[in-house]
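Asker: These protein sequence lines are chains Z, U and B, in that order.
Just so we're aligned, residue 1 is where the first sequence starts under the working numbering, counting upward by one.
Just so we're aligned, residue 1 is where the second sequence starts under the working numbering, counting upward by one.
Just so we're aligned, residue 1 is where the third sequence starts under the working numbering, counting upward by one.
Worth flagging that the hints you see were computed from the coordinates, not collected in a lab.
Every residue, glycine too, gets a C-beta built ideally from N, C-alpha and C.
The reader is advised that the hints may include incorrect statements.
Label-pair ranges, simulated between beta-carbon atoms [what the hints assert, rightly or not]:
id : chain 1 : residue 1 : chain 2 : residue 2 : range
1  : Z       : Glu20     : U       : Gly21     : 53 to 63 Å
2  : Z       : Glu125    : U       : Tyr35     : 45 to 55 Å
3  : B       : Arg6      : U       : Tyr35     : 54 to 64 Å
4  : Z       : Ala129    : U       : Val200    : 46 to 56 Å
5  : U       : Arg4      : Z       : Ala219    : 32 to 42 Å
6  : U       : Leu251    : B       : Glu139    : 35 to 45 Å
One letter stands for each residue in the lines below.
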Amino acid sequence: MDVMALERRFGGRRALVGVELEVRAGEIVGLVGPNGSGKTTLLRVLAGMLRPTAGTVRVAGFEPVAEREEVMRVARFAFAPPALLENLSAREHLEHLAALGGGKVERGEVARVLALVGLAERADERVRAFSFGMRQRLALALALVPRPRLLVLDEPTEGLDPLAVLELRGILARLRAEHGLAILLSSHLLIEIDQLVDRMLVLSEGRMLFTGRPAELTAASERVRWRVSDAERAIELAAARGLAGTRVGADELEFAAECAPLAEVAEWLARGGVELHEYRRTRATLEEALRARLGAERSA
Amino acid sequence: MSVRLESLRLVRSRRPLVAAGALLLFLVLMLVGFYTYAQSRTGGAAEFRYTFENRSYFNGLTFALYAFYFGFVLLLPIFAATEGGAQLAGDTGAGTLALFLTRPVSKARLFFTRFLVAAGYTTLVTGLFLAVALALGLVAVGWGDLRLYPGVLQMTDRPQSLAQGEALMRFALVWPAASLALLAPLAFAFWISSLAKSAVNAVSTAAALYLVLYLVAEVHFFAELRPWLFTSHAAYWRELLQETPDLEALLRHASASLGFTCLFLALAFRRFRRREEGA
Amino acid sequence: MRRATRERWLEGLLWVLAALLLGHGRGCLGALPSFEPAAREPGTLRLLTWNVGGADDGTPHALERDDLAHVARVLDESGADLVLLQETGGSETELLGHLGPRWMPMPGRGGAMAFARRGQITRWSTPLARAVGVTWHIEDRTFAVLGVHASAFSAKDRNRELGPLVEALLEQRADGHILAGDLNLDLDLDKRADLFSNDLALDVESYNFVAERLEDAARHAGPTAEPDRRLDYVFVSRAFTVRAAAPWRGHRIGTMDHEPLLVDLAISGAR
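Between the sequences and the hints, there should be enough to build the whole structure, so can you do that?
Answerer: Encoded structure:
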């Protein structure tokens, strides 16, 4: 999937501005952003349901609006909340919808996928009796039959219990590893994203806030903290060595990640009459790093 | 394959049951009316009145004709409007349209499959309604020859009579002719459905507009508008019950009905294939 | 072909089909049929019936002096062989003056009048005050013709009038029988609700009575009087075959509310 300089307007409002995205086979890309950031709009543009105002979009080499059928032969989309046909059972969903457009479904594929998502025992019940979590599972199952080359999931973990979330992560990781699927999944819960995705795109008010590996987002937030016996004296000694520190507690100081190593610091602090009780590296969580970015973006 | 899916969805929805119940109730009420009208109008002095002077006139075929005619004028188009309105707008409002648009199936196929299933359903309901009316007439009264008088019955322009066998054959032809006439309100409802965002809005708008156009055609002031209203052509199948049907008039009205059907389908399809989803 | 192009073609096909089918159906989409005097088959007899009165703010009145010349012109241009008028209001002499000597008049009662351009007409007595009964001798045949203006306000009166009138007509020994005029029976055969009859049931009976005995020649011709009523009729016996029948539209003037109704009849030989 390739998205270049994508823009989408709704009247005078710009829902997406200058968005660029690339998803390759065998990788999982996360799409992150607060509510109203444009995630669903982006997914609908990728599915050919909305036309871009500007920019180009290619999914497996096809243009989604004009060549939607070709896109849907290789890609599968699951939007949130999962909209299903209330009067049909889970099995009927898979059997009928998978066959739409002449899709070939292998024998036993439906049963296998239902088992994979944990719906095997409820396969013949009408969907109207399903809980939200079960509907999410069925939506995922629909996205897997027939197996696509690209999987796009909108908030796939919403409504799932922690165990189910773990199972989903396992399924997606296996699909990537065993079948080389390209996966794009959106979420507003970062804790699920950062452990699963290879790269991520962060949107805020329709603009790209960050694109890259999750580790790159948090790397900039790395710091070193000293807990010392005399904070004032320690700051003087550090300043004499060209290290700028800030006091973050009664006996705790914080320095940039590039400050001197532990052994060196301990030695010249001791020579200056200060005991070093603790030396540790800290890094912001993904959420903290993102919040900091968002805050910086809004102030700008 | 999508025909099977749409048929399954239709069968499992409540719409066929509601339609069947309403039409059956209508037939029973018509039968009660047939039996009690004359007596109530004459205070018990006569069993039958004006066009029912002759007892042989009131038979199962006449009842079936009356019941089908009045049911056709208002009930069946409303059911057609309900079915057409529920199709596209139902999935749009429920968000389930995305289920289909994220499959490798064209909007054309989605659209025409739904119309085909809805048209088939309408045809089936029409046929069943006619068959049940005939059966009820047979059981309640018994069949005879079909004798028609102009005026109140408003089916023919001069006294006519069709032998029982011939009348039944003509009724068999009335079924496809009436079904074809119902395609126009069905397609009209499809058009409304392509514009609406919920099934409730689509169905109520389509039914209301149909009733308005029907009533406009009834009012003398708008006599010149009548040829241009699709509701005016719907009852052309009555020509089949003439002793000598005017085939040319029949074909012209059928063409007009089919023409309106194509017109509304063109409008609906244009809207559906060009619109964005989730905008 | 790309899918989007295919869909455009499909839509285009629907538009074309709509245009073709609506075009084919335009016979029932177009204007109401109107008589074409020029298109006359040889050997036919042309009959015209016309209520030449009017209604001024709902108050009916007979033929007005100002309209005499117009009526005479219409009769002349129509090519009719026999004319039956209603609501002439005693202006028969003046009307004849406009028509000229080619026409043979036969006044009836209550504003009903007959004029013949071809053949000879002799009168016979009718049981109604607003009627004219003539025997029409033309081309070695004899036809009994009754021009009628039935009650405009009471279905019961119409019901009472038409029975004896029809019987009186059919009692005439003739090669064929014609009943024509303003019968004020607005049955509205296209199921629309009637606004002008005070008892539709009786009007239906009246129509049924006549229609069982004679053929309604202009049954497909549409309305004959404002605003959308078919009040004027020509009923013929089996001696005739109807070749053309329609109101001749666009010839009402002033406060007139009826169009002239014209019928071309061929003599079929049956009696």
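Asker: Compare the structure with each hint and give your call.
Answerer: To see whether the hints hold, each was checked on the structure:
1. Glu20(Z) with Gly21(U): 53 to 63 Å: holds, 58 Å
2. Glu125(Z) with Tyr35(U): 45 to 55 Å: holds, 48 Å
3. Arg6(B) with Tyr35(U): 54 to 64 Å: At 57 Å between Cβs, range holds.
4. Ala129(Z) with Val200(U): 46 to 56 Å: With a Cβ separation near 24 Å, Ala129(Z) and Val200(U) fall outside 46 to 56 Å, so the hint is violated.
5. Arg4(U) with Ala219(Z): 32 to 42 Å: Given range 32 to 42 Å: violated, Cβ gap about 55 Å.
6. Leu251(U) with Glu139(B): 35 to 45 Å: holds, 37 Å
Of the numbered hints stated above, those contradicted by the structure are hints 4 and 5, listed in ascending order.
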